[in-house]
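*Asks:* For chain H, the structure is supplied; the task is to place chain P on it using the hints.
Listed in order, the protein sequences are those of chains H and P.
If you count the first sequence from 1, position 131 lands on 131 in my numbering, and the numbers rise without skipping.
If you count the second sequence from 1, position 20 lands on 1020 in my numbering, and the numbers rise without skipping.
Just so you know, these hints were derived from the structure itself, not from any lab.
Even glycine gets a Cβ: it sits at the ideal position worked out from N, Cα and C.
Be aware that a few hints might be false.
[As the list claims (entries may be wrong)] Below, simulated DSSO-like cross-link-like pairs (lysine-lysine); rule was C-alpha separation at most 30 Å, straight line:
| hint | chain 1 | residue 1 | chain 2 | residue 2 |
| --- | --- | --- | --- | --- |
| 1 | H | 51 | H | 112 |
| 2 | P | 1051 | H | 26 |
| 3 | H | 153 | H | 29 |
| 4 | H | 110 | P | 1051 |
| 5 | H | 110 | P | 1077 |
| 6 | H | 158 | P | 1051 |
| 7 | H | 51 | H | 104 |
| 8 | P | 1033 | H | 112 |
| 9 | H | 166 | P | 1033 |
[As the list claims (entries may be wrong)] Output of the computed footprint for chain P on chain H, the stretches with three or more beta carbons under 8 Å from beta carbons of chain P:
| hint | region |
| --- | --- |
| 10 | 34 to 48 |
| 11 | 60 to 67 |
| 12 | 106 to 120 |
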Amino acid sequence: MNKKLFRLLIIALIAFGLSFEVSGQKLEKYYTHRTQEGGDLYFLYPNTDFKNSDDHSEFAFDITYRPGTDSTFFNFTYLTPQPAQADSILLSAGDNRAAGHAQKLYVDFKKKRWVHRYSADIDYQELAAVLGSTEPPTITIFTAEKPLTFVVKRGTWKKYHAALEKIFYIISENAEAESR
Amino acid sequence: MKKFLALILIAGFMSSCAFTSAPLVGLLYTDVKAPMAVTSNTGSTKVGTAKATGILGIVATGDASVEAASRSAGITKIHHVDYQATSILGIYATFTVMVYGE
Chain H
1 MNKKLFRLLI IALIAFGLSF EVSGQKLEKY YTHRTQEGGD LYFLYPNTDF
51 KNSDDHSEFA FDITYRPGTD STFFNFTYLT PQPAQADSIL LSAGDNRAAG
101 HAQKLYVDFK KKRWVHRYSA DIDYQELAAV LGSTEPPTIT IFTAEKPLTF
151 VVKRGTWKKY HAALEKIFYI ISENAEAESR
Chain P
1001 MKKFLALILI AGFMSSCAFT SAPLVGLLYT DVKAPMAVTS NTGSTKVGTA
1051 KATGILGIVA TGDASVEAAS RSAGITKIHH VDYQATSILG IYATFTVMVY
1101 GE
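Here chain H stands alone, though its shape is the one from the complex (with noise of 0.2 Å):
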């Protein structure tokens, strides 16, 4: 086999595995679901689009929603070079805004960082009308401290963003084929 071909075929190899992650949109991505009885189980993986505006350090949220419940479990984790524990956690996007009280689920020590993690009930309506909005939200996190702000670049929210697009219509819709 000569270099030329061998290179193609490489190239060839490459782009066919990197297809399958570009080509179009997979949902799956992105949220799984589960029905069970009581109502069905709603679960959006980790993201990790938002930065601490000051230091860049990571955060990281998922989301777990039962429709039939009005609110939603919004697991979220930081970290910050000395402990800082989160009261509550605001997320605002344009006029929408979404809150809630921060329950401590652990603290931990891990390269150099103090790993926070923790869970906030926050409304479904408001949580929805806040990630559901064309505009990169920005999330503050209210420590005794300092409140630390989390945001996001326009050209990542908007992929995620349509991604939610579809994924709360498809919440709405099953929700609503349920209750019949």
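*Replies:* This is chain P only, laid out in the frame that chain H set:
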């Protein structure tokens, strides 16, 4: 240098690269979700995940244990556990554990 790099690449591919544990594994691409365990507990209100990643079958890091996944959502009663395995060309692989419970 070129021969050395080629040797590393070939060794990587020969040693199955960054493939992951799954009931079905694709040579070019894998994205499979499957069950891991079921308990007699009923109903789930919470979901927790934990993830490990591997590159070229050379480096693999992360805590994809049931314990880590349960802890991430405050789950004390496990209903069932699923996992999702992905691999792209044997170069990059992930293994995610999803724990359902309350």
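*Asks:* Hint by hint, say whether it matches the structure.
*Replies:* Structure-based check of all given hints:
1. For the hint pairing residue 51 (chain H) with residue 112 (chain H), the CA-to-CA distance comes to about 18 Å; that is within 30 Å, so the pair holds.
2. A C-alpha spacing of about 19 Å is found between residue 1051 (chain P) and residue 26 (chain H), which places the hinted pair at or below 30 Å, so the restraint holds.
3. Proximity of residue 153 (chain H) to residue 29 (chain H) is assessed by CA-CA distance (about 20 Å); at most 30 Å being required, the pair is judged to hold.
4. Distance check on the hinted pair: residue 110 (chain H) and residue 1051 (chain P) sit about 16 Å apart at the alpha-carbon level, within 30 Å; holds.
5. For the hint pairing residue 110 (chain H) with residue 1077 (chain P), the CA-to-CA distance comes to about 27 Å; that is within 30 Å, so the pair holds.
6. With a C-alpha separation of about 25 Å, the suggested pair residue 158 (chain H) and residue 1051 (chain P) falls inside the 30 Å cut-off, and the hint holds.
7. Pair hint residue 51 (chain H) plus residue 104 (chain H) holds up; C-alpha atoms about 20 Å apart against a cutoff of 30 Å.
8. Distance hint between residue 1033 (chain P) and residue 112 (chain H) is unfulfilled; the C-alpha atoms sit about 34 Å from each other, more than 30 Å.
9. With a C-alpha separation of about 21 Å, the suggested pairing of residue 166 (chain H) with residue 1033 (chain P) holds against the 30 Å cut-off.
10. Beta-carbon proximity to chain P at under 8 Å applies to 8 residues in the region 34 to 48 of chain H; the threshold of 3 is reached and the given coverage holds.
11. Coverage of a stretch by a chain is defined here by at least three residues with a beta carbon nearer than 8 Å to that chain's beta carbons; for the region 60 to 67 of chain H and chain P the count is 3, and the condition holds.
12. Restraint check on the region 106 to 120 of chain H versus chain P: 3 residues with Cβ-Cβ distances below 8 Å, three needed, restraint holds.
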